[in-house]
Amino acid sequence: GAVVSQHPSWVICKSGTSVKIECRSLDFQATTMFWYRQFPKQSLMLMATSNEGSKATYEQGVEKDKFLINHASLTLSTLTVTSAHPEDSSFYICSASEQGPKETQYFGPGTRLLVL
Amino acid sequence: GDSVTQMEGPVTLSEEAFLTINCTYTATGYPSLFWYVQYPGEGLQLLLKATKADDKGSNKGFEATYRKETTSFHLEKGSVQVSDSAVYFCALRDTGRRALTFGSGTRLQVQP
Chain A
56 GAVVSQHPSW VICKSGTSVK IECRSLDFQA TTMFWYRQFP KQSLMLMATS
106 NEGSKATYEQ GVEKDKFLIN HASLTLSTLT VTSAHPEDSS FYICSASEQG
156 PKETQYFGPG TRLLVL
Chain B
157 GDSVTQMEGP VTLSEEAFLT INCTYTATGY PSLFWYVQYP GEGLQLLLKA
207 TKADDKGSNK GFEATYRKET TSFHLEKGSV QVSDSAVYFC ALRDTGRRAL
257 TFGSGTRLQV QP
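Protein chains in written order, with this note's numbering: chain A, 56 to 171; chain B, 157 to 268.
Incorrect hints may have been included.
[Claimed, not checked] Here are a few chain A residues that sit away from chain B, every Cβ distance over 12 angstroms (derived from the structure): (1) G108; (2) L131; (3) T137.
[Claimed, not checked] Computed list of lysine to any residue pairs in SDA-like fashion (alpha-carbon distance at most 20 angstroms, straight line): (4) B:K216 x A:D143; (5) B:K212 x A:T159; (6) A:K96 x B:K205; (7) A:K96 x B:G199; (8) A:K110 x B:S260; (9) A:K75 x A:R92; (10) A:K96 x B:T168; (11) A:K119 x A:V74; (12) A:K96 x B:Q265; (13) A:K96 x A:D143; (14) B:K208 x B:V238; (15) A:K75 x A:W65; (16) A:K96 x B:V243; (17) A:K121 x A:S70; (18) A:K96 x B:T180; (19) B:K212 x B:K224; (20) A:K110 x B:R253; (21) A:K96 x B:R254; (22) A:K119 x A:S144; (23) B:K208 x B:Q194; (24) A:K96 x B:K208; (25) B:K216 x B:G185; (26) B:K233 x B:G252; (27) B:K216 x B:T227; (28) A:K96 x B:E172; (29) A:K96 x B:M163; (30) A:K96 x B:R253; (31) A:K110 x A:T86; (32) B:K205 x A:T72; (33) B:K205 x B:N178.
No lab work stands behind these hints, which were simulated from the structure alone. Note that the Cβ used here is the ideal one computed from N, Cα and C, for glycine as well.
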């Protein structure tokens, strides 16, 4: 099946710094990528939808200036957490899909962020 | 808005026991329904799906039937194995949307 990778798998940073997380589709072209956030023992919450070559669409309540998303190519999307604070500590998961009638989302393994 | 409710875990079973994980949903349109599985250290993988009422999704011995009248999509397996130990997520994709709405996940632990 299709593979989606994320890098890094975990990161610890100081409060006030920025962190970039990469999401790559390894063997297919992803016209759309999704970024989710998961809190402990809770469901995945959609943060934003990004389409290659256009601006991301953010869900209500998600600060676009805080969580910068870039989808510059059909195989790479990045999420940058700017001026990170301890409350941004979470598990960030991306997924990627090809466009089509049998569209399936393929998920990355996630990135655990801890902000000190 | 859309929502998915799953039974809380963890669910602990002995090998070869029967498994049911309940899932109910609310949606504004005519959603497609999914079960995803997450093994330790790995990303979510699609386990099975159903796109319309009365459809049955099945894979690897797991089954779930799309019940519109009860807005449910319960996951079942007749005989679980230790290798089935994982977290299971129920999800939906509503009409006109590409993103998924997830339940909170149910951890399954199968003991030898």
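Any hints from earlier that this structure breaks? Give me their numbers in increasing order, please. Structure breaks hints 4, 6, 8, 14, 21, 23, 24, 25, 26, 27, 28, 30 and 32.
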